[in-house]
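S.K.: In terms of the numbering used here, the sequence shown is numbered consecutively and its last residue is 139.
Since the hints were derived computationally from the structure, they do not count as laboratory data.
No experiment lies behind these values; they were computed from the predicted model shown.
Backbone N, C-alpha and C define an ideal beta-carbon position, used for all residues, glycine too.
Careful: at least some of the hints might be erroneous.
[As the list claims (entries may be wrong)] Between beta-carbon pairs, the in silico distance windows are:
| # | residue 1 | residue 2 | range |
| --- | --- | --- | --- |
| 1 | Glu67 | Leu129 | 13 to 23 Å |
| 2 | Asp90 | Asp15 | 35 to 45 Å |
| 3 | Asp118 | Thr88 | 16 to 26 Å |
| 4 | Gly66 | Ala14 | 29 to 39 Å |
| 5 | Glu47 | Ala121 | 19 to 29 Å |
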Amino acid sequence: MSETVDADLYARTKALLEPGDIDLVGCIVHTSLGGDEDLEMHELTVAANDVIAEHAGKGEAYIEAGNDDTAFASNQFQGRTLDDEAFVWECQQLLRDGVFALVFYYEAGVDQDALATDLGDLDGVERVTQVP
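Please work from the sequences and hints to get the whole structure.
M.R.: Take a look at the structure:
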(Lines of atoms letter the chains of each structure in order from A; the text may use other names.)
(Lines give C-alpha, C1' and ligand atoms only; values in the text may rest on other atoms or scores of the structure.)
Protein backbone atom coordinates (compact mmCIF):
# COMPACT_ATOMS: atom_id res chain seq x y z
CA MET A 8 0.00 0.00 0.00
CA SER A 9 1.34 3.43 -0.83
CA GLU A 10 2.29 5.85 1.94
CA THR A 11 -0.36 8.32 0.71
CA VAL A 12 -3.11 5.71 0.96
CA ASP A 13 -1.80 4.61 4.37
CA ALA A 14 -1.78 8.21 5.65
CA ASP A 15 -5.29 8.84 4.31
CA LEU A 16 -6.63 5.60 5.79
CA TYR A 17 -4.99 6.40 9.15
CA ALA A 18 -6.48 9.92 9.17
CA ARG A 19 -9.95 8.65 8.29
CA THR A 20 -9.77 5.95 10.94
CA LYS A 21 -8.63 8.45 13.55
CA ALA A 22 -11.59 10.70 12.67
CA LEU A 23 -13.99 7.80 13.38
CA LEU A 24 -12.61 7.62 16.91
CA GLU A 25 -13.59 11.19 17.82
CA PRO A 26 -15.23 11.49 21.23
CA GLY A 27 -18.73 10.05 21.42
CA ASP A 28 -20.75 7.94 23.81
CA ILE A 29 -17.91 5.41 24.10
CA ASP A 30 -14.17 6.17 24.29
CA LEU A 31 -12.77 4.28 21.29
CA VAL A 32 -9.38 3.24 19.96
CA GLY A 33 -8.70 1.17 16.89
CA CYS A 34 -6.37 -0.45 14.44
CA ILE A 35 -5.98 -1.02 10.74
CA VAL A 36 -5.31 -4.62 9.80
CA HIS A 37 -3.40 -4.49 6.52
CA THR A 38 -3.78 -7.80 4.70
CA SER A 39 -2.20 -9.63 1.79
CA LEU A 40 -5.70 -10.63 0.63
CA GLY A 41 -6.62 -9.52 -2.86
CA GLY A 42 -10.04 -8.30 -3.97
CA ASP A 43 -10.94 -11.79 -5.19
CA GLU A 44 -10.34 -13.34 -1.76
CA ASP A 45 -13.67 -12.45 -0.12
CA LEU A 46 -13.97 -15.78 1.67
CA GLU A 47 -10.49 -15.47 3.19
CA MET A 48 -11.28 -11.88 4.25
CA HIS A 49 -14.46 -13.13 5.93
CA GLU A 50 -12.49 -15.85 7.74
CA LEU A 51 -9.97 -13.24 8.87
CA THR A 52 -12.78 -11.04 10.21
CA VAL A 53 -14.16 -14.00 12.19
CA ALA A 54 -10.69 -14.76 13.61
CA ALA A 55 -10.20 -11.08 14.51
CA ASN A 56 -13.57 -11.14 16.30
CA ASP A 57 -12.27 -13.84 18.63
CA VAL A 58 -9.00 -11.99 19.28
CA ILE A 59 -10.63 -8.61 19.96
CA ALA A 60 -13.37 -10.11 22.17
CA GLU A 61 -10.72 -11.90 24.22
CA HIS A 62 -8.62 -8.75 24.68
CA ALA A 63 -11.73 -6.68 25.50
CA GLY A 64 -12.63 -9.17 28.25
CA LYS A 65 -16.29 -9.17 27.27
CA GLY A 66 -16.75 -12.89 26.73
CA GLU A 67 -17.83 -14.66 23.59
CA ALA A 68 -19.00 -12.44 20.73
CA TYR A 69 -20.92 -12.90 17.51
CA ILE A 70 -20.72 -10.84 14.32
CA GLU A 71 -23.63 -8.72 13.16
CA ALA A 72 -23.29 -8.04 9.43
CA GLY A 73 -24.18 -4.77 7.74
CA ASN A 74 -26.35 -6.56 5.23
CA ASP A 75 -28.42 -7.95 8.13
CA ASP A 76 -29.35 -4.50 9.45
CA THR A 77 -30.30 -1.36 7.54
CA ALA A 78 -28.50 0.75 10.17
CA PHE A 79 -25.13 -0.34 8.73
CA ALA A 80 -23.34 -0.15 5.41
CA SER A 81 -22.88 -3.40 3.48
CA ASN A 82 -19.22 -3.88 4.45
CA GLN A 83 -19.67 -2.75 8.04
CA PHE A 84 -19.76 -5.28 10.86
CA GLN A 85 -20.08 -5.26 14.64
CA GLY A 86 -18.96 -7.71 17.27
CA ARG A 87 -21.54 -8.06 20.02
CA THR A 88 -21.55 -10.16 23.17
CA LEU A 89 -23.63 -13.31 23.21
CA ASP A 90 -24.90 -12.62 26.72
CA ASP A 91 -26.45 -9.18 26.27
CA GLU A 92 -25.58 -8.03 22.74
CA ALA A 93 -23.26 -5.33 24.12
CA PHE A 94 -20.88 -3.58 21.73
CA VAL A 95 -17.41 -5.16 21.46
CA TRP A 96 -16.05 -3.80 18.17
CA GLU A 97 -16.99 -2.39 14.79
CA CYS A 98 -15.24 -3.03 11.48
CA GLN A 99 -15.22 -1.74 7.95
CA GLN A 100 -13.69 -3.85 5.20
CA LEU A 101 -11.98 -1.69 2.60
CA LEU A 102 -10.25 -2.52 -0.67
CA ARG A 103 -7.15 -0.34 -1.12
CA ASP A 104 -4.66 -0.77 -3.97
CA GLY A 105 -6.14 -4.20 -4.74
CA VAL A 106 -5.82 -5.62 -1.20
CA PHE A 107 -8.13 -5.58 1.79
CA ALA A 108 -7.61 -3.40 4.84
CA LEU A 109 -9.85 -4.08 7.83
CA VAL A 110 -10.48 -1.09 10.08
CA PHE A 111 -11.50 -2.08 13.60
CA TYR A 112 -12.47 0.19 16.44
CA TYR A 113 -13.35 -0.85 19.96
CA GLU A 114 -13.64 0.47 23.48
CA ALA A 115 -10.49 2.01 24.92
CA GLY A 116 -8.83 0.16 27.76
CA VAL A 117 -7.45 -2.85 25.90
CA ASP A 118 -3.72 -3.45 25.76
CA GLN A 119 -3.21 -2.08 22.23
CA ASP A 120 0.29 -3.55 21.82
CA ALA A 121 -0.77 -7.07 22.83
CA LEU A 122 -3.90 -6.89 20.67
CA ALA A 123 -1.92 -5.67 17.64
CA THR A 124 0.58 -8.50 18.12
CA ASP A 125 -2.15 -11.14 18.28
CA LEU A 126 -3.98 -9.69 15.26
CA GLY A 127 -0.67 -9.58 13.38
CA ASP A 128 -0.24 -13.32 13.96
CA LEU A 129 -3.43 -14.17 12.04
CA ASP A 130 -3.17 -15.72 8.57
CA GLY A 131 -3.27 -13.14 5.79
CA VAL A 132 -2.20 -10.18 7.94
CA GLU A 133 0.76 -8.16 6.67
CA ARG A 134 0.87 -5.65 9.52
CA VAL A 135 -1.31 -3.85 12.05
CA THR A 136 -1.35 -0.08 12.51
CA GLN A 137 -2.63 1.10 15.89
CA VAL A 138 -4.84 4.19 15.96
CA PRO A 139 -5.05 5.92 19.34
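S.K.: Taking the hints in turn, state whether each one holds.
M.R.: Structure-based check of each hint:
1. Between Glu67 and Leu129 the beta carbons are some 18 Å apart, a value that agrees with the proposed interval 13 to 23 Å.
2. Separation of Asp90 from Asp15 is about 38 Å and conforms to the stated range, judged on CB atoms against 35 to 45 Å.
3. A hinted range of 16 to 26 Å holds for the C-beta pair Asp118 and Thr88, which are about 19 Å apart.
4. Distance hint check for Gly66 and Ala14: the Cβ-Cβ separation is about 36 Å, which falls inside the suggested range of 29 to 39 Å.
5. Between Glu47 and Ala121, the C-beta spacing of about 25 Å keeps the proposed range 19 to 29 Å intact.
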